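Start from the sequences, fold in the hints, and give me the full structure.
Chains F and P supply the protein sequences, listed in that same order. Number 152 in this note's numbering belongs to position 152 of the first sequence; there are no gaps in the numbering. Number 585 in this note's numbering belongs to position 233 of the second sequence; there are no gaps in the numbering.
Among the hints, erroneous ones may be present.
No more than 25 Å apart at the CA atoms, straight line, and that leaves these computed lysine-lysine pairs for PhoX-like [to be verified]:
hint, chain 1, residue 1, chain 2, residue 2
1, F, LYS335, F, LYS348
2, F, LYS125, P, LYS544
3, P, LYS544, F, LYS47
Example chain P residues on the side facing chain F (calculated, C-beta under 7 Å, incomplete) [as the list claims (entries may be wrong)]:
hint, residue
4, ARG387
5, PRO389
6, PRO474
7, THR475
Derived by calculation from the structure, the hints in this document are not laboratory data. Computed from a prediction, not measured in an experiment: that's the story for all the values here. Even glycine gets a Cβ: it sits at the ideal position worked out from N, Cα and C.
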Amino acid sequence: MSDFAIEADRLVKKFPARPDTGDKPVNGDTSTAPKRGFSLFRKKEPKPMFTAVDGVDLQIKRGEIFGLLGPNGAGKSTTIRMLCTLLEPTSGSARVNGFDVVKQANEVRRSLGTVLAGERSIYWKLSGRENLEYFAALYHIPSAVAKQRVEDLLERMEIKNRANELVEKYSTGMRQRIAIAKALLARPPILLLDEPTLGLDPQAARNLRELIAQLKQEGHTILLTTHYMEEADQLSDRIGIIDTGKVIALDTPAGLKRHIDQSEVIRLEVLGWQDYVGDKLRALSEIHSLVARKQDEGDLWEVNLQSNDSRAALPRIVEHIGGNGTRLVNMNIVKPSLEDVFIQLTGKALRD
Amino acid sequence: MKSELSVNSLGTRGFLADAYALWAVVRREWIIFVRYPSWIIALFIWPVIFPMGYILTARALSGVDGSGLTAFQNTTGLNEYTGYIAVGTMIWMWQNIVLWAVGYSLRNEQLRGTLESNWLSPTWRFAYLLGSSFPQLVSMFMLMLVSGLEYALLFRVQFEGSLWLTLLVIFAAIPSVYGLGFAFASVVITVKEANAFVFLVRGIVMVFCGITYPLAMLPGWMQSVAQWLPQTYIIHAMRTAALSTEGLSGIAFDLKMMTLFGVFWLAIGYWLFATMERRARQTGAIGQY
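Below, the structure is given as structure tokens:
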């Protein structure tokens, strides 16, 4: 048996570009969609293609937590959907638990527990217990075994006392726990968790992170996608950063941070941020990346700048901010975080 | 939280495992069905309300003394026009409900977000469509039963035919009625919206299959079209079985045609489902709302 739980080899997925969504061929892709049907009197123009995943190589070791990070539209979900057999690759290959995702799709499904679409992946008109019993049957677990398994998981997820209530009465956190229990039902060796803590309150998210760490201890291999950089940093043994369909960096969290050890991060809090100020700062020779994000309160913005020489940059930054309604409220020089690595590699914040 | 040490799949394989999964789909669909109490209204009121307009029109046209009924009797061989209309509209309602309920079953799962989580399991995928049809079939059978009782008790309709032959006709009609529903469900998953198609199909059935009048009333070309619609044979067979004393010989040809159409539509339904499933893996259509 291979040492790798998941292997992807030059995985590519292309879709016909949809003009209404602004899909554009990326990376100079000029390929066209295969023609379907026929036209009697005129030759149909071939459709332009949009490359969602562009030659992804992955090797995820058994027993590790692998974090897949990327901004929206980077290709994370498409990659995950190919690995869990919902999508067929346009080219390249992938193996999950040693099984080919196209030729041995059912064996792949038996090897996987998947949390996609979180709370929407379960039936709100069924109770928590009914949901788990239903999915246990779909995963071909014998009913006597399933009964005990469902009880164990309800207890483990701390939902046993409300197991007979309809899911529509649950909180988001409880629904997410049912979705995770569903993924664990058949005790699969590999778990694919797509944004498992999305929408959870801080306490529920913390509990879930503890659970994910426990699942790794129990021997599960976990492929995790998340928007929360700290979560990826805390949980992942290795992280792959994906952007425009390509894996642009892959290392341990510490290894990734070492890439920008020479840089310093200047974190500003600015009231009334304006884009032209950003353009001026980007033009400074000491600055090599800038990302501005609006905060929840009022007109306050957090601006992250990466610089090789913050001492030289600081006076020039202060000089450019101020006036025309822009005011510097706070300024710190901090150690690079995983998010700063991400910004340096992709030029954008994870939630862009 | 407690800890769990081993990581071995608990799933089994084989026909029995898939059969149990199919049963789970049936059970799930039934539980959800009975949790929406509005079905009771549909069960008791709709079968009487819907044909009422046609029945009252027929009563008006037949005259106060019923003298106009002679022409109807000459054409159909029946004198029970209330039952005649009730049976025709019941078959129309059956096909209509199947197009909405079965036809939209996968689409509704897609909109809820649960279709992907079903699709991720190793279960035979046609089981989702097949399983969601069984509770619908049971509820439709109850609808027919209640409807028959209501017409017998409230309108004094004389069902002079055979209960067993009526059941045989219902059984023989299932493949073509549900085959069309399966085909429809597969198309809806791809095109997302198909109200216009439902209206078209039910309009065709309403006009061409004679739900309230004998086919002899139609122009020749429309009668030719009617011969290619399974609902024509279902309606004729059901009326003969429930309202007349002709026996098996009166419905033998209809049964043969219903069987042929049943095989055809089931094959088309399964083929379209398999095509949709294959295409969805290429386009990602399963997860698209």
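Hint check results:
1. Taking the CA atoms of F/LYS335 and F/LYS348, the gap is about 18 Å. The hint holds against a cut of 25 Å.
2. Proposed proximity of F/LYS125 and P/LYS544 is supported: the alpha carbons are some 23 Å apart, at most 25 Å.
3. Between P/LYS544 and F/LYS47 the alpha-carbon distance is near 21 Å, which keeps this suggested pair within the 25 Å criterion.
4. Annotation: P/ARG387 was flagged as interfacial toward chain F, and the flag holds, the nearest CB pair being 6 Å apart, inside 7 Å.
5. The criterion of a C-beta within 7 Å of any C-beta in chain F is not met by P/PRO389, whose closest approach is roughly 12 Å, and the hint is violated.
6. Annotation: interface hint on P/PRO474 holds; nearest CB of chain F at approximately 4 Å, less than 7 Å.
7. Hint status for P/THR475 relative to chain F: holds, with the closest Cβ pair at about 5 Å, below 7 Å.
Hint check: a violation occurs at hint 5 only; the rest are consistent with the structure.
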